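Guided by the hints, dock chain B onto chain A, whose structure is given.
Chains as they are written, first to last, in our numbering: chain A, 1 to 340; chain B, 1 to 73.
It is worth saying that the hints were derived from the structure and are not from the lab.
Model, not experiment: these values are computed from the prediction.
Ideal Cβ positions, reconstructed from N, Cα and C, are used throughout, including at glycine.
Only true hints are included.
Here chain A is said to cover these stretches of chain B; the calculated rule only asks that three of the stretch's residues, wherever they fall, bring their Cβ under 8 Å from a Cβ of chain A:
hint : segment
1    : 21-27
2    : 38-44
To give an idea of the interface, some chain A residues facing chain B are shown, with a C-beta separation under 10 Å as derived from the structure:
hint : residue
3    : A45
4    : A158
5    : M208
6    : G211
7    : P212
8    : V214
9    : Y215
10   : F216
11   : A218
12   : E220
13   : R251
14   : R255
15   : W258
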Amino acid sequence: MRVLIPRTGGVRLAGLGAVAGSVVRDNAALCAAGYPEPPAFIERATGIRARRQLGPGESVGGLAARACRRALGGTAPDTVDSLVLATSAPERLLPPAATRLHRALGLRGAPAHTINAACSGFVFGLDLAARGLLTGDACALVCAAEARSAQVSVTDRATGALFGDAAGAALLRSGPAGAGLLAVGTVTEPPEEAAIVLGRGASDRLEMRDGPQVYFAAVEGMAALSAALLEASGLAWADIDLVVPHQANGRILRRFCWMVGLDEARSFSNLERYGNTSAASIPLATQEAILSGRVGAGAVVMWLAVGAGGAGGAALVQLDGALVEAVRETGPLPGSAGLP
Amino acid sequence: MIEAEIRAILEDLLGHVEEPLELDSFALVDLLERAERRLGVVLPASALRPEHFASVASIAALFASHRAEPCAS
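Chain A extracted, bound-state conformation (with noise of 0.2 Å):
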């Protein structure tokens, strides 16, 4: 794994927002519309009883402006140095979905960077936003944005219950060492036959193949990065305050904390309202341990994400206070009372 420790300059998060599609879709209304299985199954299997998907008008880009919005709270779209857009369900390959949320939002020259590393996208942003700021930029936007939910079938039991569409984002700033990200790490390892696909054709849709096998590699490679970065930061588990890691599936999250001993109350979950988000579901679910009270200024925030085609990323971040009160200050999500 590779790891980016800021020493000689920081980096600080300065806002987070995050969005879901409009369209909540609890497990009795997936099982009506085709999946397999009942809904006691579904939420059994996966921890998942509703999952936010992407209404009429609305877009995975558009999904990916608001979020950004959000995260931007007052500071000009002009000031903005560099932004990094992660995705794996961009309505059009060209032009790249960066360009058109960089039109979206009105930034002024800052190169848009597209970029797919699946579920751990965040993950990999931020890593390459951080060393735009360690290097000279002022001020970076990460935003991860995925509508999966329409890249599978509903009848398909292995992946017909587990996708709701939402977008994250980060704005990162400058500032001193020491605070901020502590450390983000980021790995790939290809597996020899690829488990999870997707795209050969206009029609194609995801699939997930040997489960089993993808479930326990999950699981390891969260171990793994999780021990690597702690190591590489000289921090140990009781200095972490809350793990927030990609919601991919309420199994693997709890199978995690069994595997490297840690209490399931550290470890921030918000899956069976969202889904899996794929990348967008570590700034979503970090905006809301900050909006439900779990963390708080100065906590200290594991990120762990593995994904597809073995993209691992894993970052140290402390929250501090500004932060905190500007995800206060924007409100719970949009659409999110009432939910189940």
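Then chain B, alone, in the frame of chain A:
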């Protein structure tokens, strides 16, 4: 002894055991995790191959081959 444990878990999960086993991925994960806890074994992902899951005996052999090794965590 391991075979008996695997068979008992399968009966609890499925209500019956019919070979060759045709377990879907959800049932397989259920089985493997329950067996890990009962037998004190943590299976590495690299060990999970489809040929291991055709019979109670082959699943038991998988666990037996990892039982002597220290747990990963």
